[in-house]
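Dock chain B with the ligands against chain A, hints included.
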Amino acid sequence: MMRFATLIKNPADWMKGTGPHSEIVMTSRVRLARNLRGFPFPGFSQERQRVDLLEQVRPVVEQLPEMRDGYSEDYTDLSKIRKQVLVERHLVSREHAARSSGCAVVVDRKQSISIMINEEDHFRIQGIRPGLNLHSAYELVDRVDSELESGLPFAFDSKLGYLTACPTNLGTGMRASVMLHLPALVLTEQINPVIKAVGKIGLAVRGLYGEGTEALGNLFQISNQHTLGEAEPEIIAQIEKVIEGVVRSEQNARAKLKEDHHTMLQDQVGRAYAILRYAHVLSSKEALNLLSMLRLGADLDLVGNCDRSLIDMMLLEIQPAHLQLNAARELSPDERDSMRAEITRARLQSIHGPGSFPTSQSTPGGPPSAPNDE
Amino acid sequence: MKCDVCENEASVFLTQIINGQMTTVNLCESCSKAKGVTEETGFGLAEAFLTPSMRSEDSMEVVCNACGFTASQLKKIGRMGCPECYHSFREGLDGLLRNMHKGTRHVGKRPASVGGTAPQLLPRQRTSVVREETSTPPPPPLPVPAQAQPSDVSKLRADLDLAVKEERYEDAAKLKAEIERLQPKAPSK
Ligand SMILES: [Zn+2]
Ligand SMILES: [Zn+2]
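Chains as they are written, first to last, in my numbering: chain A, 1 to 374; chain B, 375 to 563.
Next up, chain B with everything else stripped away, as it sits in the complex:
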């Protein structure tokens, strides 16, 4: 099977979700690395995650009340900010999960304390808010959102240079992804 990007033989096969549709992507090793794809990166999530109604406009944004994570951050990195985010960003989640997994309901192990009965999300009055970007200040998030420490990033950059020099391309791709993760291009305020 050929790589979807170049003509090389594909060796990495991943499920990508584009506009809620599941597509299998075939990549060769070098293209997969160039795109920073591993089986665990949640490839394609960023574009797929939000349903059109949730897509954040300039003025409105869904924010997790527990951690302050925003819908645009979620869209950018394809990761949640805290466990509570699953509740805050629950709209559109089912469709995404359906395409990503075998089902949308957990049927596996449960903690003994749960015993398989009560819903486990922490009871909260409001776990998500839609706020006016310009007027209302954000609610004080419990944990403060991470700001990349400049020293972290410059250290990573140094590691990246070294990785490239030593031809550790896999490390390099991962470091690059880490730097991008720590430095969101346009953090929404």
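Same shape as in the complex, but just chain A:
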């Protein structure tokens, strides 16, 4: 199997910034909750029972064709920082990372599929695809589920469907969620009506990061709340339809910004670039919001040669556990803030700043007056 370092060194398949509408839709994720018949759910079982179950099912999971040469780790062998890195990469849930004995995660080589064992349910099978591509994410988990069920007796009731620890997951056991970057809707103050409309049709909307009322980095997550009474393809088609609408609103808002508020837009993007390029202390909140502006600038061709995937990679690298993994030790909040700025300064060295020269032309040698501060 693959080592942790190897897993993390390679960017995941879905981090490459490609996929339908990937200028707005960062990832599409689908997870299935499954349980074994005759075993109590993890939250109501003893440690010994969880360990027994894990020992029995982990080889089955590891032997899936999709998991060939993948990564598999028992949580008792995984440090807190490493677990947190997996959370930041969306490979495991925070709830799962908070557990230890009797829990394990198995991830495929491309980091597109992860299977958590003994989360709230015995199995949480997750598929991630870049851009708006829920049906392809569903195909991944559907196939894995069918393979697993041939060897494992899943708890299923013909009326209630797949039986889950929480009745909110009953039926399909499926949660489909889409991560969206919506800076223009936020800047033009149209985000709340959009959130309200999406909420009204039974989908949950939340900011991905942040406290208080903000969605830091203008990142939002939209997911289904109903899992019973509709088939998987219907649920997915409905969310994709809603997301298409949100994407159109964001596109219109971006066009409007470019048209009517071009100076303000350039100013915001320019400031974001300047701070990320030259700052020495960056809080997580500030960095997320600046990277959001830079990503918007890159999408609107306001930032020379900036590739979206570089920004998406930075969004991960600036997270606390990634910083600490990189430093190979625990860091105080102050140390993290300075390490974070070190990373954005380094990554932006090769990126031409916006505004000061024609964006279409690729100037050799980087920004004219950039001091080499690394």
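Bear in mind the hints are in silico, worked out from the structure with no lab data behind them. Being a predicted model, the structure only gives us computed values, none of them experimental. We put the beta carbon where it would ideally sit given N, CA and C, even for glycine. Treat the hints loosely; a few may be bogus.
[Said to hold, decoys possible] Result set (DSSO-like, lysine-lysine): computed pairs, CA atoms no more than 27 angstroms apart in a straight line:
{"hint": "1", "chain 1": "A", "residue 1": "Lys200", "chain 2": "B", "residue 2": "Lys476"}
{"hint": "2", "chain 1": "B", "residue 1": "Lys550", "chain 2": "A", "residue 2": "Lys80"}
{"hint": "3", "chain 1": "A", "residue 1": "Lys285", "chain 2": "A", "residue 2": "Lys9"}
{"hint": "4", "chain 1": "B", "residue 1": "Lys476", "chain 2": "A", "residue 2": "Lys196"}
{"hint": "5", "chain 1": "A", "residue 1": "Lys241", "chain 2": "B", "residue 2": "Lys476"}
{"hint": "6", "chain 1": "B", "residue 1": "Lys376", "chain 2": "A", "residue 2": "Lys200"}
[Stated by the list, open to error] If you want the footprint, here are the derived chain A segments under chain B, 3+ residues with CB under 8 angstroms:
{"hint": "7", "stretch": "40-46"}
{"hint": "8", "stretch": "138-149"}
{"hint": "9", "stretch": "170-179"}
{"hint": "10", "stretch": "227-237"}
Structure of chain B with the ligands alone, referenced to chain A:
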């Protein structure tokens, strides 16, 4: 839209079930975290789950025969103890599911082994019992109900302190919920 708790702008919209009625709750990020709400926690379940006739009195309680989970535990955490619990606590389930989901009948994927025909709950003589709290000892549950290991909880508390110190409030809220889950205030005996 304003948060239902404070005056901030709401960003989390959830369906809560109160007395079998579906209500949409609008919360700002901080209030949603303060209440430990995420889209997956089954918010509001605890209060809503049991119909009045099922609400456990001091002396009578519905218990899952397969795992020993009790109606009051279900009410408290809003989760089932084992797959068989859906059969044991089936009374009142339909009403709850109707308010929580688009329907009460699964129409999605079925395991190949099921083929879409036979009912799949394991055949059992009695999956639930109503027992006298004072007289009859509980039937020996197959799997032993979880007792929170003191070490688990103190570890979680340490993690919680650290999370608060590091201002990881989302983690803190989740850890707090986990501690509460592991330490039911008044476990019914
Ligand atoms: Zn509030
Ligand atoms: Zn049970």
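To see whether the hints hold, each was checked on the structure:
Proposed proximity of A/Lys200 and B/Lys476 is supported: the alpha carbons are some 14 angstroms apart, at most 27 angstroms. At most 27 angstroms may separate the alpha-carbon atoms for a hinted pair to count; B/Lys550 and A/Lys80 meet this at roughly 18 angstroms. Pair hint A/Lys285 plus A/Lys9 holds up; C-alpha atoms about 25 angstroms apart against a cutoff of 27 angstroms. Among the hinted pairs, B/Lys476 with A/Lys196 is consistent with the structure: their alpha-carbon atoms are about 19 angstroms apart, no more than 27 angstroms.
For the suggested pair A/Lys241 and B/Lys476, the alpha carbons sit about 18 angstroms apart, so the restraint of at most 27 angstroms is met. In summary, the hint linking B/Lys376 to A/Lys200 is supported, as the alpha carbons are separated by about 15 angstroms, within the 27 angstroms threshold. A stretch counts as covered by a chain when three or more of its residues have a beta carbon under 8 angstroms from one of that chain; for the stretch 40-46 of chain A and chain B the count is 6, and the coverage holds. Counting residues of the stretch 138-149 of chain A whose beta carbon lies closer than 8 angstroms to any beta carbon of chain B gives 4, which meets the minimum of three for the stated coverage.
Chain B is given as covering the stretch 170-179 of chain A, and this holds because 5 residues of the stretch bring a CB closer than 8 angstroms to a CB of that chain, at least three being needed. Evaluation of the coverage hint for the stretch 227-237 of chain A: fulfilled, as 6 residues show C-beta separations to chain B shorter than 8 angstroms, against a requirement of three.
Of the numbered hints stated above, none is contradicted by the structure.
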